[in-house]
Structure formats: C-alpha cells, structure tokens
Amino acid sequence: MNIINIATFSQRKDQIKATAQSLSHQADLINIVFNDYLKVPDWILEFPNIQGLLPERNIKDEGKFMVEIQADDMVMLCDDDIIYPPDYVATMISQWQKYAAAEAIVGVHGIIYPDFFDGRPESRQVFEFRFKLGSPRTVSQLGTGTVVCKGYQMPDYEWMEGAAGYVDVRFARHALSKGYPLICIERDDHWLQQQDTQENLYQSANGKWEKDVIKEIMEIAGFLRMKPIGRIVGSSDCIL
Amino acid sequence: MDLLNNSRFQNLQPKIDSFGFSLDGSWFIECSDQETLENLTVNTQSKKAGLIIRAEKVNGWVRLLQKIDPSEIFSHTLEFYMMATGMSGDDPGYTLDWIELLKSNENNSLEHFCRIASEVDLRIEETTATYRVAMPTFNSGIGYYLAIQMSSPGIVLFSDLRLSSLVANKRLPLFATRQHSFASSQATYSAPLINAKGELSKALERVNRQAAFAAMENEVKWLLNYTEVALRLECYEVSLAILQHVEERAENISVDTFSWFAVLVLTTLRALGEEEKARRFMFRYCNQMNFKNMKLVTLNSLIMNNHQEQDYVLPSGELNFALMDLRGIQPESLLKFLVRDDLNIGEENRMLISASTFGRIDLGLWRFHMNNFLKLKECPTIAEIDPNKSKRSVLHRLKFAPNANSHNGPLISIIMSVFNAESTLKMAVQSLLQQSYRNIEVLLCDDACTDDSLAAACSLAQEDQRIRVFRSIRNQGPYNIRNAMIGEARGDIITFHDADDMALPTRIFEQYQAYMSTGAQMIFCKWLRFRFDGGIFFFADQVAHRLSLVSLMAGKELFERFGPYRSVLCGGDSEFYEKVRDALGEQAVYVIDKPLVFASWSSTSLTRMPGYESNETGYRAPVRRSFSQMNSMQRMLGNDVLSDDEIDAALVNMGVYRSPSAIEEVHPDLAVVSRVIEQELKKNRKPKQKNGGKTKSAPTTTES
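Heads up: the sequence lines are chains A and B, in that order.
Under my numbering, the first residue of the first sequence is numbered 1, with each subsequent residue one higher.
Under my numbering, the first residue of the second sequence is numbered 1, with each subsequent residue one higher.
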C-alpha cells in the first residue's frame, strides 16, 4: 500500500487542503495529523482516502511518524505547505526502486553537513527541493517533507519523540544507524512548489541551533559518513 | 541585517511626512491616517531599551519600515530573527499583524512582495522567533522594505531584529540593542572556530561559510578547498572521504582542477599509507593530469621511491627530494643534477642537499656545505668535527666555535623529558650548558627510564649546578612531564628541549631576544633533522628546514592560561600551539628562521617509533591521525560537541593516554650512589637481563 503521512496545524488550514488535493490521487491512504485542531476539518470528507487524526497534544512534525506502518508499505512523508506534482509518488517510488538494493531512502530536499559543520545554516550544503539538481547526491539529511521509504525503514515513534522541530535530523540519525543511505534525487526547477505560508510551522526549533540539536547533527555530519552514489549502487570503478 | 543597529537612535520628534516620519533615514514609521499618527509615540530612549512603539489609538495601522538593499542580501533563502516584547493596554502580550517584505511599484507605493510571518504573538516576557523565508527573485531596479505592521493599540518593544541570508552568509543588521544572537544565547550553539583568530581556524571558517554556495556554483572547487583544510588539520580520513565524492565526477573535471585534485589525493594516500592505491590512481588518471614532465616512472617515484635521476623532478616541475632517499644517489649524478639551471630549488635547498650527499664522501665537505647554510642563516658555524671514527652520530662529533659573547637576563627554565636517552643525553645537555645565554636552569626529568639515563643526568648535574634532576615514579610520557616541570620551574620564561637534540649555542639567547622584542607570546626556532651520518631529512612538502614545536619559549603565565598539555603520548605540542593561536591570533607566534636545533631522528624518537610515527614521506600512524582529528574537531567545534573526557577516553582506547603520576626531585649525589647500589644488588641477585628495547613505555622525545 502507498501511504502518505502529513502533519499540519491550524494556521496552515488553507495550505493543507491544497497540499492534500495535489496528492489525493497518488496514494491509497493519506494520513493527516491535525495538531491543535479541535476537530478534524470537514473538507477531508471530499477525499475518501484521507484519514484525519487528532493527537492528544500538539506533537508538531512528529505527527508524520505516529501512524503505524506495515513493513511492506511504501511511505511518503510530506509537508503541509508544498504542492506536489501529479507524477510525484510514481516518480519517487521509481527512484526508491532504483536504489532498492542498497536500501537507500530517497528524497527531494537534501542537506550535507560537512565534517566540520560549525552550526551555522550557511555552513551546510543545501539541495533545495524547489530547484534543479542535475545528478543525484548522497546527503547527510533529507527533508522529511519529501521522503520516500519502505515501511520497515521508518523509525518508531518512540525514536522520533522529542524531536519536534528537527525531525529531519532525528530521521537522518535513524537512517545512519540502520545503514540506509540518504539520496537526494535529480529533478528540474520547480518540480515541487512551496505555498505562500504565513508562518513557519516549527519556527522556534528550526532557527535556534540548540546545543542538543547540534550534538545530533554532529552524529550525522560529514562526508566520512556518506558513501558516494557509485559505491552505494555498486557500479563505481573508482579507485579511491 | 541587524535591523536596529542601522539607526542611530535618539528621542526623535516625528517629522510629519504624509502619515509618517523618518527615524534616521533607514527606518520609517508609516500610518494609515492622521489620527493614528497623532496618537503614536516612538521612543528609542537608549540602546538597551530598544525601539518602543506606543500606539494609543489606531484607526487603521502602523508600520515600521526599513529599506533593504537586495544586492546586500540577495539570496533565495532568508532568515528573519526577532526579539521583542509587547503589551496591549493592561493585557500582557501583543499580536503584530504581520512581518513582510514589501516592494515599491510603478506608482511609488508599496505592495506585498513576500510574507515572513503573520499574527505574531509577543509576550510580555521577551519573545524570540526565527522565520525562514523562501524568497522570490529580487529585481535590482526596485526598492524593497522590511515592514512590521500593528493595527491595535498597545506597546511593542523591539530589542533585536535581524535579516540574514542563509546562502550568502550575510547578516544585515536591522536593529539590535544588545548582543542577542544565536551565538550568545545560553541554550544555543556557536562553534569556536567562528571567532577563532588562528589562521587555520579562519581558513576553515571561510570554507564552511562557502558551503551553501557550493551547491549552486563550483561544487568540486569547494570540495577541494575543503579537502585542503582537512589536510592542514591532519584529518586524512575526512580528506579521503571528500575526495571519493570528487572522484565520482572525475570525468567532468577540467585538466587543471584534476591536477589539483591529484595532488590532494596523493598527499592523502601517502598519509594513510595507501601506496598501492596511489599507484593505481596515477595509472588510471595520468591522462587527465596536467603535470609537467609527466612520465609514468616519475609519477611512480612519488610512491615507489625509485632512485632514478628523473625522480628528482616532481611532475609539477618541482624538486622531489621529499620522497626519495638521497643516500641512494651517486654523488656524481647528484652533482650533475644540482647544477641544472632549470631546477628552481633555491639556494638553501641546494646547500642542504649538497651537505647531505657529499657528506658521505667526506665529513669536511659536509661541514663546508653545512656552514654555507649556517652562514646564510647567520647562525654559529661548525668549527670542528671530531675525527674519531667512533660509532657516534655526527651530531655527537660537532663542535661550534666558542661564544665570543655571553648574555644574561632573567632566569630561563629549560625542560627536558628523558626516557632511555643515556647515549644522547650528554650531548643534548651540554649543548644547553654551552649556550651564550648563561642564566638558565635545566630541568631534567627521568621518565622511569630502564637504562642509565638517571645516572647520566645526575653526573651532569654534579658538574653544573644549573641542572636540576627529577624522576618520575612511573613512566608517564613527555607532556605529563612538561606539566609537572612547569610547576617546578623557577624561571618566568620556559622552553623545552629534547634529550637527543643539539641546540646551537645561540638558541636560547636568540629566542629570548625575540621574546622580549617582538611582543609575541610564543617564540619558536626551526630545526634540521639528521641521520646518524649527517644525512638530512626532507619531508613530503620538500622542506627540510622546519618549525620546531619543541623549541617553544614562552612566559610561565601562558602555560597557566592555556595549559596543561594533554596527557597524551603524541600530538600534545600541536594541540597547545593551535589552541593559543586560535585565542591570541597569529601575532602571538614568532618563528626565528634559523636552524637553532639540530635534531637526531633516530628510531627512539617518538616520531619514528612504529605505531606512533609521523615520517618524512607524509605517513601518519593511525593513532596520530585519530588524535589529530579529534583534536581539530574539538578545537573548531567546541567542548559541547566533543568533550575532553570523550577525547581522553578515546586516547585510552588507542593506548596513547598516560595518567599523570608523581615526580620527585633527586639529589645528584644520592642518585648516583643509589644507582650504583642498585646495580650491584642486581648483579648479585640474578644474571643481567637486557631489556631489548621492548618496553612499552613512552619514548623520550616529543613531536615534530
């Protein structure tokens, strides 16, 4: 089964619907976690394959990981402020299959933290999802709004708990610990489009670079921890 | 962009201009109507208070505006940071309508360009928030404004507003009343390298800062720059990992860039001891390299040390005496080689190569060429070489001209850790006692030697009262010894010397002079390293005349501030050196460009000992590489990322950690007597057993 997981909150009420619409014909089931909603909005009734979930507390972006997944499911983690193209799921699954032998997890938004990452945002190499990437790259971290993996590759909710605001980092740590390479796929400009949002969902956590987050980042940082693509797919005849 | 600092705030009287006024040219207040404007107070009281906007009656809206120069902050991802508080009447807290970037249109009025945030709740306590914004494309011909809008009565105090480009590493100060930033917050992180003054830290900071550009511009160039820094940090595994990523794109790399890449590859592989891989690399990619005089045999010589004449020339056209053994060359062919006009090797290297080579024929020739070099460097020259063909090394046989002048000044303490240095100790210590600078004390500390070093030290001390002798209860390595001896030193100026090295007679005086006159806190000299027969070691970077970290001379307070040395067998010197450089900057370091130390590079030297070696071909033993990497990581990224405890634990695992242990001062007479008694007892108890040099104790000498 192809499953999409999204977390949202009330200030994104306009964006989430558009996001859901862009994905509605592309998956068997779309789980949307409605943080800080009093009730699941009525509009989801328009989409028979959307399941609305109300968490007991605001778990923010951890919501993407709260739904139980079967090992063989194909899981797409998506964001509530992105408009996904009609071929998104098919393309992503095809990309995942391309690297299936290496058990890679693929995504569109990738970040490389160099080995001496100093905590500054500008010290990262970012392959932003909105822009073209000519060739695939292994990365330190994938944005979990553009990730595709198998159910068995998903972390437990317990693993992700406490990582609200930096689930991407925690997810990358999970992948590294399991030996799943992270690959940022090639694509054209504006294949994915960001909606005009009024506020960043996880603003406080995203900008602060708290020491604890840095500690987690340092666990995934570095070229030392990333194999080049050729080695991952086993086609490399490189010498080094 | 630090929004608030852009203005020179004073208590400003509104200058009515339509429904608004200018604060100082960069900030504006704009209101929707006259009544709102008339009920508005803007107060900047003091830098600490920040910018206060009090809106008593608002019919429409009030906007705080600042013009932004897009060329300063051009980027597709911006970050807006705000620290503010707010009150609405008697209610704690205030909600701002929105924060936006506006642009001027054809009618010269402002219109929406990009929303940063809306319905921003401020609390009565200081509130901070950060917003990342994906920007539409800027147009250089249009004016842009940052705008913050409020539309209900209340008071808002902005204490810090910043707009930063995540890509261009530009932070435009919009408004800051205090030093609030990510870096200064208790809960947040800032890497030490960002503010470090050391040249290497600055280099890393620069290349880190360029990371965001790398994805859009020349990524391979950035990766190679990063590799260069990693190599300077002696992080060879990191270097290799980056180069592996570059190799995947080898087919698309320009010839010139490929040559750069290849040099980095070879340097890295040499350090890692991956000779076979290096050879395969060169065979595979030789067509893509743009080296001059490239021949396979020449390339091969980089790795294989083939002693062919052409091996003297690196593919780059430079002399490759780093990776070959000069001793394997016939002097006649070397002579032909040295007079070649097309070799730009420099006068100094020509002299040293000559000394190294012709010294095998005749020590007189060795002295002739060495003295040419020493004269060039304005050093004391070698007066005599003991003709006695004993089995002693050339260094033991050198005599320098007696000092015409002697110098005095404050007491300088010279610390020497001694481990199984019986055969070299006398030569090393006498070279100190014969210094032209007379007011010295030499602190010899026996690091639980298994030979007769202690007795040798004691008998030297009996002859010269400037020597003090100590002994360690357990073997603990040179850096623990240094830490203990710094505590024992009576001089306010301290330096070090290895137990198998010779100091030229002016070493201490020249370093003292530099210490007093340059203002630098760390004074070093250079050294040459010699084989037993006088052959000179050139290194992979083609340099023989090198910085001697052991020669550090500094005030005692420097060690109190930046010490102690780590309790490690190797690399402690470098760690201390870089730590001070980062804190005090390059001006803290002064290196005398003279070979004031002649070092013997024997197998007992730590830098030559298997498992700990750092040799002239560029190879670094794994424990050295690991420590360098951890050391660099901590220095650059801070103890929060890698603590001392974590490093020490790793060093323990690698077997290069040594716990400090007790040290006692030894009276020279007592030591000699007790040693004799001990030897006699041994003779009577059992047959004498040779240790065979198989001790696992820490060697005597420190680092290159």
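Hints are computed from structural coordinates only; laboratory data are not their basis.
The C-beta atom is built at its ideal place from N, Cα and C for all residues, glycine as well.
Incorrect hints may appear among the rest.
[Unchecked claim] Which residues of chain B face chain A? A few of them, derived with a C-beta cut under 7 Å, are:
id	residue
1	A191
2	A211
3	A214
4	E237
5	V238
6	L243
7	R280
8	F281
9	F283
10	M636
Worksheet item: Can you list which hints this structure breaks, lowest number first?
Response: 9
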